[in-house]
Amino acid sequence: MEFFERFAVPHPSPAIYASMVAIGLTVIAIFAGLTYFKKWGFLWREWLTTVDHKRIGIMYLISAILMLFRGGADAIMMRAQLAAPENKLLDAQHYNEIFSTHGVVMILFMAMPFIIGLMNFVIPLQIGARDVAFPRLNALSFWLFFAGAMLFNISFVVGGSPDAGWTSYFPLAGNDFSQSVGTNYYMIAIQIAGLGTLMTGINFLATILKMRAPGMTLMKMPMFTWSAFIANIIIVFAFPVLTVALAMGTLDRLFGANFFTSNNGGMDMLWANLFWVWGHPEVYILILPAFGIYSEVISTFARRNLYGYKSMVGSMVIISVLSFVVWVHHFFTMGQGAFVNSIFSITTMAIAVPTGVKIFNWLFTLHKGKIVITTPMLYSLLFIPLFTIGGVTGVMLGMSAADYQYHNTMFLVAHFHMVIIPGVVFAMLAGLTYYWPKMFGFMLNERIGKWSAWTIGISTLVAFMPMFFSGLDGQARRMYTYSEASGFAIWNMISFIGAAGLAVGFALIVYNIYYSFRYASRDIGSDPWDARTLEWSTHTPVPEYNFAKIPQIDSVEPFWDQKKHGKKLFEGELEKIHMPNNSGIPFIMGILFFLWGFSFIFAMWIPVIIFTLAIFGCMAYQSFEKDHGRYIPLEEVEETENKLGGNR
Amino acid sequence: MKLKRALLLAIITIATVLTGCEPLTVLDPKGPQAAVQANDIKLSIGIMSFVVLVVFAMLAYMLIKFRASKQKEDYEPPHIEGNIWVEALCVGIPVLIVAFMSFVSVQSNYKVESTPPGYEDKEPLVVYASSSNWKWHFSYPEEDIETLNYLYIPTDRAIEFKLYSFGPITSFWVPQLGGQKYAMADMVTTLHLAADHPGDFMGRNANFSGEGFAENTFDVTAMTPVEFDEWVEEVHNTAKPITEEEFVGLLEPGHLGKMTFTGTHLDFMPAPEGEHAGHNHGSSDDEESNDDHEDHENHDEHSEHSGH
Numbered sequence: 001m002e003f004f005e006r007f008a009v010p011h012p013s014p015a016i017y018a019s020m021v022a023i024g025l026t027v028i029a030i031f032a033g034l035t036y037f038k039k040w041g042f043l044w045r046e047w048l049t050t051v052d053h054k055r056i057g058i059m060y061l062i063s064a065i066l067m068l069f070r071g072g073a074d075a076i077m078m079r080a081q082l083a084a085p086e087n088k089l090l091d092a093q094h095y096n097e098i099f100s101t102h103g104v105v106m107i108l109f110m111a112m113p114f115i116i117g118l119m120n121f122v123i124p125l126q127i128g129a130r131d132v133a134f135p136r137l138n139a140l141s142f143w144l145f146f147a148g149a150m151l152f153n154i155s156f157v158v159g160g161s162p163d164a165g166w167t168s169y170f171p172l173a174g175n176d177f178s179q180s181v182g183t184n185y186y187m188i189a190i191q192i193a194g195l196g197t198l199m200t201g202i203n204f205l206a207t208i209l210k211m212r213a214p215g216m217t218l219m220k221m222p223m224f225t226w227s228a229f230i231a232n233i234i235i236v237f238a239f240p241v242l243t244v245a246l247a248m249g250t251l252d253r254l255f256g257a258n259f260f261t262s263n264n265g266g267m268d269m270l271w272a273n274l275f276w277v278w279g280h281p282e283v284y285i286l287i288l289p290a291f292g293i294y295s296e297v298i299s300t301f302a303r304r305n306l307y308g309y310k311s312m313v314g315s316m317v318i319i320s321v322l323s324f325v326v327w328v329h330h331f332f333t334m335g336q337g338a339f340v341n342s343i344f345s346i347t348t349m350a351i352a353v354p355t356g357v358k359i360f361n362w363l364f365t366l367h368k369g370k371i372v373i374t375t376p377m378l379y380s381l382l383f384i385p386l387f388t389i390g391g392v393t394g395v396m397l398g399m400s401a402a403d404y405q406y407h408n409t410m411f412l413v414a415h416f417h418m419v420i421i422p423g424v425v426f427a428m429l430a431g432l433t434y435y436w437p438k439m440f441g442f443m444l445n446e447r448i449g450k451w452s453a454w455t456i457g458i459s460t461l462v463a464f465m466p467m468f469f470s471g472l473d474g475q476a477r478r479m480y481t482y483s484e485a486s487g488f489a490i491w492n493m494i495s496f497i498g499a500a501g502l503a504v505g506f507a508l509i510v511y512n513i514y515y516s517f518r519y520a521s522r523d524i525g526s527d528p529w530d531a532r533t534l535e536w537s538t539h540t541p542v543p544e545y546n547f548a549k550i551p552q553i554d555s556v557e558p559f560w561d562q563k564k565h566g567k568k569l570f571e572g573e574l575e576k577i578h579m580p581n582n583s584g585i586p587f588i589m590g591i592l593f594f595l596w597g598f599s600f601i602f603a604m605w606i607p608v609i610i611f612t613l614a615i616f617g618c619m620a621y622q623s624f625e626k627d628h629g630r631y632i633p634l635e636e637v638e639e640t641e642n643k644l645g646g647n648r
Numbered sequence: 001m002k003l004k005r006a007l008l009l010a011i012i013t014i015a016t017v018l019t020g021c022e023p024l025t026v027l028d029p030k031g032p033q034a035a036v037q038a039n040d041i042k043l044s045i046g047i048m049s050f051v052v053l054v055v056f057a058m059l060a061y062m063l064i065k066f067r068a069s070k071q072k073e074d075y076e077p078p079h080i081e082g083n084i085w086v087e088a089l090c091v092g093i094p095v096l097i098v099a100f101m102s103f104v105s106v107q108s109n110y111k112v113e114s115t116p117p118g119y120e121d122k123e124p125l126v127v128y129a130s131s132s133n134w135k136w137h138f139s140y141p142e143e144d145i146e147t148l149n150y151l152y153i154p155t156d157r158a159i160e161f162k163l164y165s166f167g168p169i170t171s172f173w174v175p176q177l178g179g180q181k182y183a184m185a186d187m188v189t190t191l192h193l194a195a196d197h198p199g200d201f202m203g204r205n206a207n208f209s210g211e212g213f214a215e216n217t218f219d220v221t222a223m224t225p226v227e228f229d230e231w232v233e234e235v236h237n238t239a240k241p242i243t244e245e246e247f248v249g250l251l252e253p254g255h256l257g258k259m260t261f262t263g264t265h266l267d268f269m270p271a272p273e274g275e276h277a278g279h280n281h282g283s284s285d286d287e288e289s290n291d292d293h294e295d296h297e298n299h300d301e302h303s304e305h306s307g308h
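Chains as they are written, first to last, in UniProt numbering: chain A, 1 to 648; chain B, 1 to 308.
Be careful, since some hints might not be right.
As the list claims (entries may be wrong) - Ranges between beta-carbon positions, derived for each pair:
#1 A:L66 x B:A99: 19 to 29 Å
#2 B:K65 x A:H628: 51 to 61 Å
#3 A:V340 x B:L53: 26 to 36 Å
#4 B:D74 x A:H628: 32 to 42 Å
#5 A:V340 x B:F100: 20 to 30 Å
#6 A:N581 x B:F50: 53 to 63 Å
Just so you know, the hints here were simulated from the structure itself, not pulled from any lab data.
Even for Gly, the Cβ is constructed at its ideal location relative to N, Cα and C.
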């Protein structure tokens, strides 16, 4: 029995037991359903072993939406707890666990897969490629992310959640002050998912550099591809820092090392530095592809080319460089003195300049346009004012002397939510709505879509604007309760109403998916938005090989030129097409990594050794396996093309 | 239209609530450092509101003027690559704004990191503020006094806080006197504050430090120099000296009320600065805490003692 005690939750509550039951029932239901409908084979052949970037992208998106609801449930619980002073809904320990997992889930398991999912689906289509550079590696990236996400998510029912904040500062996260396995989950789950992200970074750099259609020079790439290109460069530079920091943290927690402890030569500040050397660029990894989505959407629905293409690219390059030289602004208050703070204060505020350039370019793209307000456009138009509020408060936070007053307060919380929600989440919702017809062959309902966009937009303001005030009034972040006398109650009540509004908005999106799935027309053609870039030039549904003939590019908007000026995009004869084979190895490695991570978290060394060997076994098998892919015969290509409505 | 009305209603509600409120704590400074910060904050709110208004106005103009419904059916938007002058303006003006704000920011940095102006004639009062889970210990080496969870300061002198922690990273924050700074286990940080007038202020740990974080607060009272001296004298007449065992007992995780002692823990457990800095500190604590537990029962009498 002693062996099993370690898996018990240290701070159980009825809600946690209810979750255990719910998780158990869901898993049983899924297995029973798959068996009853005889879908195991289908699932294995079409999804679990797929190396098709479109399907991997869709799996990323589904995971992201699931995690959005997990993180959102955390958020609602937090806002409910703080809605009234001295509230007894949650105790301190539960509140601490919830805000810790909210942060990790939303950034690493919601925003990242959402961005990577869209990149997966869109980039090869946008550059005229048939898949990514390393399709099997891409599948491995997904399954590693998924293993990490699942591992992190079982923490609250097996062994206890991490409770030291999403930043997990040492020594609080060290063994002295955090004895449960929660922080082990943090270290190992993020490590596994992070390895997946690093592979994605390498994969997409190779894809974008080597697999563009002939004629598409770098300066003719669509803006989303540019933004993803830069984001992936940042991934490749930033994620190794996280890998190392997490490895050091793991050594501290499980092997008695002293990298971040406050005795025996450890340095707690080192963790904070390493974390933010990764953590700040991470923000731009999220926001740059989001900017790319907005560029595509705004240009499409202003019916105009994007204004200032070169300065858009230039500003992203500058942002990517600056993103690595501002990390100290996350702890101006660490006591490094006026000189160091001054330098990082200036670099921080400098980021406002390239970001401002982008905002103005979007505004000038609207100029002389013919603006059609669709749901994706509505998100983009809501993004501009809300993100501006979030952005300028970022400049305020960059003034380091004043930051002594903002730091660790709700003002900061308000700032980063006003940046990340309008910046990243709106972009993902815009991107999801925009690319939905390309993914699934029907459009989401515009009326419900606009309702959800307005609900989410207004609720964002209602939820987060009060935090600016309560922060300036002295409310520290991460407090599970406050007194009546503090005067914070009114702000937190308004925030709670906003949070509830956000929940309604997201529920509307889910309803929209259901409604549109049932009632939407399937006869929408392949270019329902009258768009401008290459991804809309292929069929809907997109055939597995994307393009039967590789397009010839000579401008930034080749598809628009084809439609308006009659330029030929696809020339030449149909040929047999070379495609990669499916593989079960990435999925199996995902499972092995999950089991390896789980054993590692609980320091069960014999299984750790077994799974380590098994993982290396998979890698060896993969290395020596001779798989040259397969050819889709010409007849099959012709047949598919004819079925999908003509040769493109 | 309904949604727009709802938005308007929300804005009006927020505005009403705002006008009905006391001034926000941070914008109601009671000391020179907090005043510097409040001025920076107000200045940046002003400049940034202007930026926000410009963006809102441009967006509104574009949306009103260039909606498809406002244009002819056959209108074809032109192809515009960009304009070097317009783009230079979009870079130039933000650069000027950021340069100005950087100028202000750098100046303020040096102000808040030094003894505040007007207080240079007297030596600052040095107070060691150390945190343990979830309490604040204030040691006055000059007065030879130690307090727990409350802080008395005179108004005629600047205070130089020496901050460190017996546990996780914490952040010492008295919003009305000035911004916060971290307290860490292996080094001492310095925070310069001063109070202009007598008064009571809220102080707290602002950096998340575990289960008892929300209640990790302390009270600050600023008083005239005469009152401060009287208090020091009273403490020396009435409070008991702090002993090592007793102090180690205080470090145990939990919440305690206000306490007052003569002497400081710095005598037997020096702050992690100078030769005690960094890496040779910390391990000795454990041995001492296992010493004689019977002595700890005496704590309660001290906690009842009041100097206020």
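Hints versus structure:
Range check, A:L66 to B:A99: about 46 Å between beta-carbon atoms, so the 19 to 29 Å window is missed. In this structure the hint that B:K65 and A:H628 lie 51 to 61 Å apart at CB holds, the actual value being about 58 Å. A hinted range of 26 to 36 Å for the beta carbons of A:V340 and B:L53 is consistent with their spacing of about 34 Å. Restraint check, B:D74 to A:H628: a C-beta distance of roughly 54 Å breaks the suggested window 32 to 42 Å.
With their beta carbons about 21 Å apart, A:V340 and B:F100 fall inside the hinted range of 20 to 30 Å. Range check, A:N581 to B:F50: Cβ separation about 59 Å, and the 53 to 63 Å hint holds.
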